[in-house]
Each structure stands twice: as C-alpha cells, then as structure tokens.
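A.B. asks: Those sequence lines, one after another, are chains A and B.
The opening position of the first sequence corresponds to residue 1 in the numbering used here, with each subsequent residue numbered one higher.
The opening position of the second sequence corresponds to residue 1 in the numbering used here, with each subsequent residue numbered one higher.
Don't read these hints as lab results, they were simulated from the structure.
Warning: the hint list may mix true and false statements.
Since the list gives no way to pick one copy over another, a pair counts as held whenever it fits inside one copy or between any two copies.
[Said to hold, decoys possible] Subject to a maximum C-alpha distance of 35 Å in a straight line, what follows is the list of computed DSBU-like cross-link-like pairs (lysine-lysine): (1) K229 x K262; (2) K365 x K196; (3) K365 x K153; (4) K267 x K185; (5) K196 x K185; (6) K117 x K452; (7) K117 x K206; (8) K188 x K61; (9) K196 x K233; (10) K196 x K153; (11) K117 x K82; (12) K188 x K34; (13) K267 x K117; (14) K34 x K422; (15) K61 x K90; (16) K90 x K196; (17) K212 x K129; (18) K129 x K389; (19) K202 x K422; (20) K90 x K34; (21) K85 x K188; (22) K34 x K206; (23) K202 x K90; (24) K82 x K365; (25) K196 x K452; (26) K206 x K153.
Number of protein chains: 2
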Amino acid sequence: MSEENENIQFQLTDELIEQVEQFIEAQNDKELHKLLDEFHYADIAEILDELNLEEAVYVIKLLDSDTTSDILMELDEDNREKVLKQLSAKEIAEEVGELDTDDAADIIAELPEARQKDVIDQIEDEEHKAEITELLAYDENSAGGLMAKELVKVYETWTVAGCMRRIRGQAKEVTRVHSIYVVNKEEKLIGRLSLKDLIVAKSEQKIADLVKVNVDFVNVHDDVEDVAKIMAKYDLEAIPVVDENQILLGRITIDDIVDVLKEEADKDYQMAAGITGDVEADDSILELTRARLPWLFLGLVGGIGAFLIMEGFEGLFTGKAVVLFFFTPLIAAMAGNVGVQSSAIIVQGLANDDVRGSVNSRLIKEMLLAALNGVILALFLFLFVWAFKGEINTALAISVSLVAVIIVAGLIGTFVPLFLNKRGIDPAIATGPFITTSNDILGILLYFWIAKMILGI
Amino acid sequence: MSEENENIQFQLTDELIEQVEQFIEAQNDKELHKLLDEFHYADIAEILDELNLEEAVYVIKLLDSDTTSDILMELDEDNREKVLKQLSAKEIAEEVGELDTDDAADIIAELPEARQKDVIDQIEDEEHKAEITELLAYDENSAGGLMAKELVKVYETWTVAGCMRRIRGQAKEVTRVHSIYVVNKEEKLIGRLSLKDLIVAKSEQKIADLVKVNVDFVNVHDDVEDVAKIMAKYDLEAIPVVDENQILLGRITIDDIVDVLKEEADKDYQMAAGITGDVEADDSILELTRARLPWLFLGLVGGIGAFLIMEGFEGLFTGKAVVLFFFTPLIAAMAGNVGVQSSAIIVQGLANDDVRGSVNSRLIKEMLLAALNGVILALFLFLFVWAFKGEINTALAISVSLVAVIIVAGLIGTFVPLFLNKRGIDPAIATGPFITTSNDILGILLYFWIAKMILGI
C-alpha cells in the first residue's frame, strides 16, 4: 500500500530542475502538467525558486489558480515580488481569490501601493474583497495583520442539530476547523466548542449548555510576538481575535505562528552575527552588503578607537613593557567573547520571559560568574607568561587586568540589554558587533591602565 | 460577557507570589485552592518556578493530579527534576497516568534510571504502561521519541455511521482530534480523514470511498529536525508516524514541533554566542561557567597565538612601523566580524535548506562580497591613517592588508560551515568563538606579512 502514499522525501535534484526546464523550453505543457501535478505546492515552489523568472512565470500561467495561489505563498519573497510584477492585476486578483483572507491580504500588501487598489478592484467575490480590505488596514505586526476571517461561528441559541447543519456550510470554506466559536446575538465572543464536543453531544442540546466559556483570545491590536508567546505557552492551535467590544473578528492559527517564531529566531540570530534586514544566502551581493557593511563600519570605528588608545600609551614602549602590546588582541577577544555570552543569555531570557528579579541581582550574579571564569583563565595566562617570558611582574600585570576586563565586559553585556529593554528598545541589537566593539575599546583601555599601575611605569 | 472569559493577560507579580507563599506558610489550603483554581496550569507552573522547592512540592501535593501533571510538564526542567525527587514512585506514577503517552514518557525519561522502572511498575493502566514503555525505547531525537500513541484510527471497511460511533469512544482519550487515520486490516496506514469530512459525508458511505490517500507520514526513526521541517513546509498540524512496514505507530502534533523549533533556535543562538549546553539566565553560576568557560578558553588560546605571532614580528619595532601594532585590534575585530557574518548566513541557509549550488560558486560570491565591503572600509581607513599620521605608505600598507584579511575571513566563514556540513557535522559549531578565534590569528598573521611586504622592511 505504501506506493499509494505521497513520497514526502521530496528531493530537489538538478535532474528534476533540468527536466522541468526542458519541458518549458519545448513548451511541452502536457508533460509539464503531468510531472508537476505529482508534487505538493510547497515542492513546486521550491522548483520555481530555482528557475529563472521567465520559466517561473510560464509555470504559474500554466497551472490552475487554486494550485498557483498556494505556490505563490510558498515562493521566496524576492522571487514572488518578481513573478507578481509579470502578472496583470486581473491575474493577481484571480490568485488572491483562491487564497484565505490572511494570505490574500499578505500578497496584496507586498505589491506597490499603486497596484494594490487595481488588484482589489478586480476581486470578484464582494465578501472576500471586503474582508481583505479590512485586514489590509491592520498593522502587519498586530494580531489583525496575522488573522484570517475564515472561521466557524455559531450562536449560543442554536441547538446541536441546527449547529451541525449550518457548520456543514461554513466548514467548506475553512481549511481546518480548529474550534467552533460561539457568539451571542451581538456577535460578541462568549466561548468555544470543538467538533469533538459536538459529535459527542446529543442533537437536541442547546449550544449555550455545551459552550466552554474559558476561552483564550487576543485583541486585534496585540503584537504578534505576544500572540505567539500566548499560543506557545498555552499550547493553542488557534486563537480567536476580538476588538475592544469583544466582537469576534477573526482567528489566528498555529501554522502562522510557526512562521512568526521562525522569522523572529532568524532575525535575532542574524542580529547577533552583525547582519540586519532579513537577508538570505541567495540574496544579491548588494543586498548582502547593505545588511553587513554598517556593522563592519561600527567595528572599524571601534578599531580606530583602540588604535587611539594604544597610541596614547605609546610611552610604555620601553624595554619589558613592550610585551603588553602583544596581548591586546587577546584582551580584546576575551572582552568581546564574554560580553557576547552574557548579553546573549539576557537577550534570550528576555525573549522567553525568563528574566525576573532586579537589575542589581543580575549584575551581582554576572560579576561573580565573570570573576570565576576570569580567575581560572587569568591563572592559566599567568603561568604561560611567567614560563614564557620569565617576568613575574609582567605576568601578574597582564593576568590581573584580564580578570578586571572580563568582569567589566560581563557587566556591560548584562546591563546594556536590560537597559535597552527597560527603555522599550529591542535588546537584540545589543548582541554581536555592538557589544564586541564597545567591549574591545573599553577592555583595551582598562588593560593598559591597570597594567601600567601594577608595573609602576 | 467579557468578564466570563479567562483573562489571558496573566501577570506574574511579586504580590501574587507573596500571596501564595503566605497561604502555604499558614497552610491555608482552602484559600490556596481557591486562588490557584482560577489559573491555567501553565500560569501555575510559572508561579511554582518562583517558589522554593518545599513550597512548590506543597502545592503539587495539594492540587489534583490531573492539574499537577500538566503543571509538571510546564515547569522549568531543573525545577521539575527537583520536585520529582521529592515525590514517591507511586506519586509520580499517578501524575504520569494523567498525561498523554508522549509527555508521560518524557517525564519518566528525565528520572534517574534506577527510578524509571519503579515508576513504570506503579502505573495502574496496563495499556498506558505498555505504550509508555514502547515510547521510552525510541531515541529522544527521533520521531518515535516525540510521538504520542493517542490518535483516532478507523478501518477502511467501516461506514461513516459506524465510524462516528466508534470515534466517540476513541476521541475522549485524545485531547485534540486533528486527523482520523485510516488503516487496513493489517494496521497499515493507507490515508486520512478529517472530522469535517465525516460530518459532511452521508452516514452509509464507506470509509474506503472517503479516505484521502495522499497522506504525509514520517518513519519512527526519522530525525525530529527533519520532522519539524516537513511539518513547517507542508503546514501540517499533525503527522502520522509509521514503521518500516507502514504500520501506524503514533502521531506527532504541531505543538510539540513548536517546542522543537524553539529549542533548536535557542541552541543555535547560544552556540553563535559561544555558549553550549542549553543554559538559561536563571541557572546556577557553576552551570553557566561550564557552558561558557570552554569557549572562553578557546579565545584565550587564540589570543596567545596572536601574541606569539606579534612577538615574531618584533623586528618591526623600528620607528614608523610601530604604528602597525596599534592596528592589530582593528584587524582582529574586522576578521572576526566578517567571519561571523558569512558563517551565520551559511549556517542559517543550511538549516533552512536554502543553500544550493556548488561550494565554489558560494566561495566566489563571498569573495566578491568581502572584496566590495573590504574596499569601502579600507578606503575609509586609508584616509584616516593618511590624515592622522601623514604617512601614505603606512596608510596603504594597513588598508591593503585590511582588504586581504576581510576576503580571507569571509572565505573561511563560508568554507568551514559548508565543509562541516558535508562531513555530517552540525555547522552551527562553526559560528561564534570558533570562527572569531581562527580568523583573529590568521588575520593578524596575514596583516603583518602583507604590511611588511608593502613597507619593504
């Protein structure tokens, strides 16, 4: 029987892409249809991402709009933008007509503003048009920007039998029935039911007697990250969205949340690596430069700062103290590493709502932690310098300042994200190059100060 | 009506925690019950995470096991371990008896091996016991380790009416009915149905005529990360798990995948920051040191390497060339930053299956990118050094070597994760301190070489 099942181990091979390209080249629509009809729309999107624009548009125009609309949603964002440019407003409106309202609104929002109205005007289904227009008005980072209008809604006064009958109609439009939302006659959300509850219930029972009133919901203006946190925390697969008056407006499903979580994680990861602007390995060199250069420039300025500091200590260039200069890369690296470690833990803790307690207690903990790490590392460095250079004073000066540098770097790495968070700024910007650069400079300055003091020069 | 709805904006305030602590102190079980019964189990878990161990155990012993089992699952892992130590095997078995098989197996797997058997022996429900024992045999990173045995299964020979009747029985045990899995008489998965399909169908129809045979599934030994990718790609909310013979063994639901994705993202983020071992801000100083010190030690060794290189170039300490030493922190920082940027993009691309094409084309692209960034930055540095020191040769030497260092750092950052990935090693270890340290050393070496050549000294 297993041959009847879809092979989910879809492999995007060069042979497959060549095959598709050959069929397009030969305009062999029949074979192309036969080949592509075997695949899931998400797989076809992966194939199209590898084709050139002309070829991709050829496939989009060939296949039915109920498949191509799903393919469009799965395409790489840059490729989707290019493909949409090649389609007429009417063609886009047809694609959009096949999509759920949330996806439809997302596609339209990506279009240049001038085209948005053209496309909306061409949508045939008036209800769909009105719903999409409503969704477009919400901020894309709000619950309203993520929700879909498709849901199954019943009134508390209905019976189970009546409910089942009417659900049959509504459910056809809803891809997945997670929950049935129960509203009163003013359309206010009062609770929910599962299909399972309905099936288990007796047909003459009133909905009002079955409804679970302890229902989670979010406000249409809530931030999507907060919605994601709530859904993950309470293990919800769908959550209803209401306005200030508790009127049911839409619902958000877990698959959209999975995408939000993934995007957030990717963004934070890139931020920590000194990359801004949600780029991918396949983006153009210019796009990648725009994402990377500003942070490198920050590093350059920091390096110039380090140069100025070292030049200020040029007087130390006497005999034995010269060795101090050879350890600046070590000091800078340790300051940077410790700073990134401590800030990453705080940034992640803040994102997961794990960080409680006062700023002072965090700083004291980080100080102890950095001191412990610093002393272990400094001991090792002391032994190395002593053994290698045979100068116990130099070894002492370098090691003691390493401990100080590590403690200060840990404190800065802890304090800066906490401070930014208090000010309502995304603490994630405080990781990576930002912390590394400031710790580099401060670390080197501190190092020379302390070493100079200890050596008495 | 809105006051009937659960307030999802649960706030963990100090007052609330104090209130709970006071009730525990006074052994005021009635008020404690009244207070906690208002909250969702995930919220109670947050409260318990803030209490000391004795207080947390007091609450766990007070509440009913159907609530406390869910609370246990939501507790911070370290706290759960401590609480479980305070419970008898029989008490744990009772908690486990209330949980779905996947969660039950997870709890038991966390116990010391000696206790595992004791707890399993005490589970009363023989079927539950057998299922949990089966799940414990799978690797925790495999589909088998993630799946639950709870699912709704029907035979292809049944009618819709018969199906509905029997589903009522099965569904009571299953928290959420995502899909109804259809098997043949050999228990082989042949397809699926949704509750919606059943409701819309006529009661005398045969399941065999309704079943959707294009069903995604995974093998019980598949890696959880691959399962997560498949479910995210195809927007699945549940996926059946089968063995080599296509026999239906269990199912994985999207909420478990959300947890997997979150853990993965957290792990990669920490790895990039030089932290290993899945620690949190609230872990002990010793645990945090264990996670951070190895990477700092790597940085220290790298710093010593830089020292040795610089000492090797000590001969350059003549008049004008001294300024070269002042720019080593800048060179090291730029090499590190570029390396981290390029490796992060590749690591992320590999994780998202975005990286296609040959290694050579990647390296050529990164070389062009690094060259572009490098030339812009070097131009700026050239002007600074020239203006500041008035020595065009020195300025030229430093800037030219900066370009070379940036290109090499970019190539290493691109090549190393690609190489590790080809070798089947997690490329994520190649980000953060690893790349920074190796680029620091190589960058400084390259810098002095090139600068020495240009200055002809």
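A.B. asks: Evaluate each hint against the coordinates.
C.D. replies: Status of each hint after checking the structure:
In this assembly of identical chains, the alpha carbons of K229 and K262 lie at most 35 Å apart whether taken from the same copy (13 Å) or from different copies (11 Å). For the homomeric pair K365 and K196, neither the shortest alpha-carbon distance inside one copy (50 Å) nor that between copies (54 Å) is at most 35 Å. When the C-alpha separation of K365 and K153 is checked against a cutoff of 35 Å, the pair qualifies neither within a copy, at 52 Å, nor between copies, at 53 Å. In this homomeric assembly, K267 and K185 never come within 35 Å of each other (Cα to Cα): the closest approach is 43 Å inside a single copy and 49 Å across copies.
Taking CA atoms no more than 35 Å apart as the test, K196 paired with K185 passes in both settings, with 24 Å inside one copy and 25 Å between copies. Taking CA atoms no more than 35 Å apart as the test, K117 paired with K452 passes in neither setting, with 69 Å inside one copy and 63 Å between copies. For the homomeric pair K117 and K206, neither the shortest alpha-carbon distance inside one copy (44 Å) nor that between copies (48 Å) is at most 35 Å. When the C-alpha separation of K188 and K61 is checked against a cutoff of 35 Å, the pair qualifies neither within a copy, at 43 Å, nor between copies, at 39 Å.
Proximity of K196 to K233 under the C-alpha cut-off of 35 Å is found in both arrangements, the shortest distances being 23 Å within a copy and 27 Å between copies. Taking the closest pair of Cα atoms, K196 and K153 come within 35 Å of each other both inside a single copy (15 Å) and across two copies (14 Å). In this assembly of identical chains, K117 and K82 lie within 35 Å of each other by CA distance solely inside one copy; the values are 19 Å within and 60 Å between copies. Taking the closest pair of Cα atoms, K188 and K34 come within 35 Å of each other only across two copies (28 Å); inside a single copy the shortest separation is 49 Å, beyond that limit.
In this assembly of identical chains, K267 and K117 lie within 35 Å of each other by CA distance solely inside one copy; the values are 31 Å within and 44 Å between copies. In this assembly of identical chains, K34 and K422 lie within 35 Å of each other by CA distance solely across copies; the values are 34 Å between and 58 Å within a copy. Taking identical chains as interchangeable, the C-alpha atoms of K61 and K90 lie at most 35 Å apart only when both belong to the same chain, with a minimum of 13 Å there against 64 Å between chains. When the C-alpha separation of K90 and K196 is checked against a cutoff of 35 Å, the pair qualifies only between copies, where the shortest distance is 33 Å, while the shortest distance within a copy is 41 Å.
Taking identical chains as interchangeable, the C-alpha atoms of K212 and K129 lie at most 35 Å apart whether they share a chain (32 Å) or sit on different chains (31 Å). For the identical chains of this complex, K129 and K389 are neighbours neither inside a copy (78 Å) nor across copies (66 Å), given an alpha-carbon limit of 35 Å. Within a single copy, K202 and K422 get their C-alpha atoms no closer than 53 Å, and across copies no closer than 59 Å, so neither meets the 35 Å cut-off. Proximity of K90 to K34 under the C-alpha cut-off of 35 Å is restricted to the intra-copy arrangement: shortest distance 27 Å within a copy versus 60 Å between copies.
Proximity of K85 and K188 under a CA criterion of 35 Å is satisfied in neither setting, with 41 Å inside one chain copy and 47 Å between copies. In the homo-oligomer, the alpha carbons of K34 and K206 lie at most 35 Å apart only across protomers (30 Å), although the nearest pairing inside one protomer, at 50 Å, exceeds that limit. For a Cα distance limit of 35 Å, the shortest separation of K202 from K90 qualifies neither inside one copy, at 48 Å, nor across copies, at 39 Å. In this assembly of identical chains, K82 and K365 lie within 35 Å of each other by CA distance solely across copies; the values are 22 Å between and 52 Å within a copy.
Within a single copy, K196 and K452 get their C-alpha atoms no closer than 76 Å, and across copies no closer than 78 Å, so neither meets the 35 Å cut-off. Taking the closest pair of Cα atoms, K206 and K153 come within 35 Å of each other both inside a single copy (15 Å) and across two copies (29 Å).
Checked against the numbered hints given earlier, the structure breaks hints 2, 3, 4, 6, 7, 8, 18, 19, 21, 23 and 25 and satisfies all the rest.
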